[in-house]
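A.B. asks: Spelled out, the chains give:
Number of protein chains: 2
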Amino acid sequence: MTNVPRMAGVLAPVVTPFGADLAPDPERFVRQCRWLLSQNVGLAIFGTNSEANSLSVDEKIELIDRLVAAGLDPTRMMPGTGCCALTDSVRLTAHAVKVGCGGVLMLPPFYYKGVSDEGLFRSFAEVIERVGDARLRVYVYHIPPVSHVPITLKLMERLLDRYPAQVAGMKDSGGDWGNTKAFLDAFASAGFDVFVGSETYLLRNMRSGGAGCVSATANVNPGAIGRLYDTWRNEGADAQQGRLDAIRDVFQKFPMIPALKAAIAHHARDGGWATLRPPLVALTAAQASALTGKLEALGFTMPGLDPC
Amino acid sequence: MTNVPRMAGVLAPVVTPFGADLAPDPERFVRQCRWLLSQNVGLAIFGTNSEANSLSVDEKIELIDRLVAAGLDPTRMMPGTGCCALTDSVRLTAHAVKVGCGGVLMLPPFYYKGVSDEGLFRSFAEVIERVGDARLRVYVYHIPPVSHVPITLKLMERLLDRYPAQVAGMKDSGGDWGNTKAFLDAFASAGFDVFVGSETYLLRNMRSGGAGCVSATANVNPGAIGRLYDTWRNEGADAQQGRLDAIRDVFQKFPMIPALKAAIAHHARDGGWATLRPPLVALTAAQASALTGKLEALGFTMPGLDPC
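Chains as they are written, first to last, in this note's numbering: chain A, 1 to 308; chain B, 1001 to 1308.
Fair warning: there could be bad hints in the mix.
Said to hold, decoys possible - Below 30 Å or equal to it, Euclidean Cα-Cα: the simulated DSSO-like pairs (lysine-lysine) are:
no.	chain 1	residue 1	chain 2	residue 2
1	B	1113	A	154
2	B	1113	A	253
3	B	1253	A	113
4	A	181	B	1113
5	A	113	A	181
6	A	294	A	253
7	A	113	B	1181
8	B	1154	B	1181
9	A	113	B	1154
10	B	1113	A	294
11	A	154	A	181
12	B	1253	A	154
13	A	181	A	253
14	B	1113	B	1154
15	A	253	B	1154
16	B	1113	A	113
17	B	1294	A	113
Derived from the structure by calculation, the hints contain no laboratory data.
Next up, chain A with everything else stripped away, as it sits in the complex:
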């Protein structure tokens, strides 16, 4: 077994830039990822907020390769690699491991609903076995509001029992702290790393033995979220959490992914960032203006985000 450092802290599910032809734009993507790393935020590329499921496997492999070729550190990358099709998940996961990614965030196959824990166990097991690489670290992705395929405690127990080295943790995007707490209580003391899916729960998660967060708004507010992670044991942490919540509240008044892109477009002075792939659509000009206005009222900035 090789000695892979555990991933921890704050990661951004990096939003994916598209050109006018709706093709992914590797140059903008590399630049954004470099900026996020400079803010001490890791790269959960191909998450829900990345429109990852609107990309083909080939498009995702090309984007990973471009990041690595640009010299970005793959140990800071946790690409989403769980697809509907077993063969797609295997191919993408194997590629992520091959280039040295620190971990992968794995959705269950999400087309079929009401599937059994046995079927989900086999899905994850087949991917782990077929990738067959001791360096693989899987973070299981629980996001029932979108996937409609929840991950149960019993399933995780079985996966950990069978693959203790490969199953490294989870991301809980269910928005139910009680569920997060149940996973923390059950598994964290054994070294299982729980990332919450929103910085809303970051302080609670750290105080309960969690590992960090993978949050939409880490795309736009990375420095401040990273600071709370670094200083959560300090006095003033609750006030920091309150300020993060205020910023997040603004974004939550809009469709999240278009709002993240609108904010980046505004602060980077690069209108191309506002493009989304269908079925998602950009904010209207009025919405974008309302968003940036509310953010300015809170003194929100994106320091170091270079205009292009």
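Guided by the hints, dock chain B onto chain A, whose structure is given.
C.D. replies: Chain B alone, transformed into the frame defined by chain A:
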């Protein structure tokens, strides 16, 4: 505009056979499709019951090509080509058109939930425009219990208004006759072809101006379902519908896709047919035995299904 004959009648969402290594088995697939055509049932390959979303695009293209190479009539094929990723949907749809498929059954992108009609319109429009072939016939796939992304009347109206030649019809697998009737009332008289997603509604659909059905159980009971379609105007049609319902009721007591495969395995004397790709799992031996027992009690047979 070329003169493509409209698809009509009964189609099976053909179940996909897998080897012990979980790879699709083209030989069994060709044999099964040939048998279905001999029963006068069309080939809605890559439907929900085909475990299509557990297959990669490459695997689907290979299976279409094998059918065509084996001499099966592509005008009887309505492959499912709607994927989460725009580029996957375009690639698979273009391939289906290239080999001469009579139509394609198109899911909306189904990962993101609560998306707008504007976003869904753009999704379908981008695929139609990028495929850019006058031969393309799209049947829009409404299956909210699985996709959680419903197709509204307003969306369909807009698609028909913009692409009257390409948008040929729909499959309604919502299980709500009121919804089917609303689509029939709104669009059938203009030549829009509504297929119901279960033979349960076949007689009602035909009496209301529908085009046929694409039904799970057409995989196992094709002859009898096809007969009702051929003779729905005749006396005795209601009694025929009753007999179809009794057979379907048996299958519905079990997980449908595993039950279809178990029935084929039993009647073709070919245990390999029982294999499913995760996250789906085969019936237990006890379930399979209960299924075949109940079917025998109803005098169910699969005439002409060759043992291999």
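A.B. asks: Now tell me if each hint is right for this structure.
C.D. replies: Do the hints match the structure? See the list:
1. Note on residue 1113 of chain B and residue 154 of chain A: the hinted pairing holds, with a Cα-Cα distance of about 27 Å set against a maximum of 30 Å.
2. This hinted pair checks out: residue 1113 of chain B and residue 253 of chain A have alpha carbons roughly 17 Å apart, not beyond 30 Å.
3. With a C-alpha separation of about 17 Å, the suggested pairing of residue 1253 of chain B with residue 113 of chain A holds against the 30 Å cut-off.
4. Note on residue 181 of chain A and residue 1113 of chain B: the hinted pairing holds, with a Cα-Cα distance of about 26 Å set against a maximum of 30 Å.
5. Between the alpha carbons of residue 113 of chain A and residue 181 of chain A the distance comes to roughly 25 Å, so the proposed pair stays at or under 30 Å and holds.
6. For a cut-off of 30 Å, the pair hint linking residue 294 of chain A to residue 253 of chain A stands: about 10 Å separates their Cα positions.
7. With a C-alpha separation of about 26 Å, the suggested pair residue 113 of chain A and residue 1181 of chain B falls inside the 30 Å cut-off, and the hint holds.
8. Under the criterion of a C-alpha separation no larger than 30 Å, the hint pairing residue 1154 of chain B with residue 1181 of chain B is consistent with the structure, at around 15 Å.
9. Between residue 113 of chain A and residue 1154 of chain B, the direct Cα distance comes to roughly 27 Å. Compliance with the 30 Å bound is thereby established for this hinted pair.
10. This hinted pair checks out: residue 1113 of chain B and residue 294 of chain A have alpha carbons roughly 26 Å apart, not beyond 30 Å.
11. Our distance criterion of 30 Å between C-alpha atoms is met by residue 154 of chain A and residue 181 of chain A, whose separation comes to about 15 Å.
12. As the CA atoms of residue 1253 of chain B and residue 154 of chain A are separated by approximately 26 Å, the hinted pair is consistent with the 30 Å bound.
13. The hinted pair formed by residue 181 of chain A and residue 253 of chain A meets the criterion: a straight-line CA distance of about 27 Å does not exceed 30 Å.
14. The hinted pair formed by residue 1113 of chain B and residue 1154 of chain B meets the criterion: a straight-line CA distance of about 18 Å does not exceed 30 Å.
15. The suggested pairing of residue 253 of chain A with residue 1154 of chain B holds, with an alpha-carbon distance near 26 Å, which does not exceed 30 Å.
16. Between residue 1113 of chain B and residue 113 of chain A, the direct Cα distance comes to roughly 14 Å. Compliance with the 30 Å bound is thereby established for this hinted pair.
17. Restraint check: the Cα-Cα separation between residue 1294 of chain B and residue 113 of chain A comes to about 26 Å, which is no more than 30 Å; the hinted pair holds.
Of the numbered hints stated above, none is contradicted by the structure.
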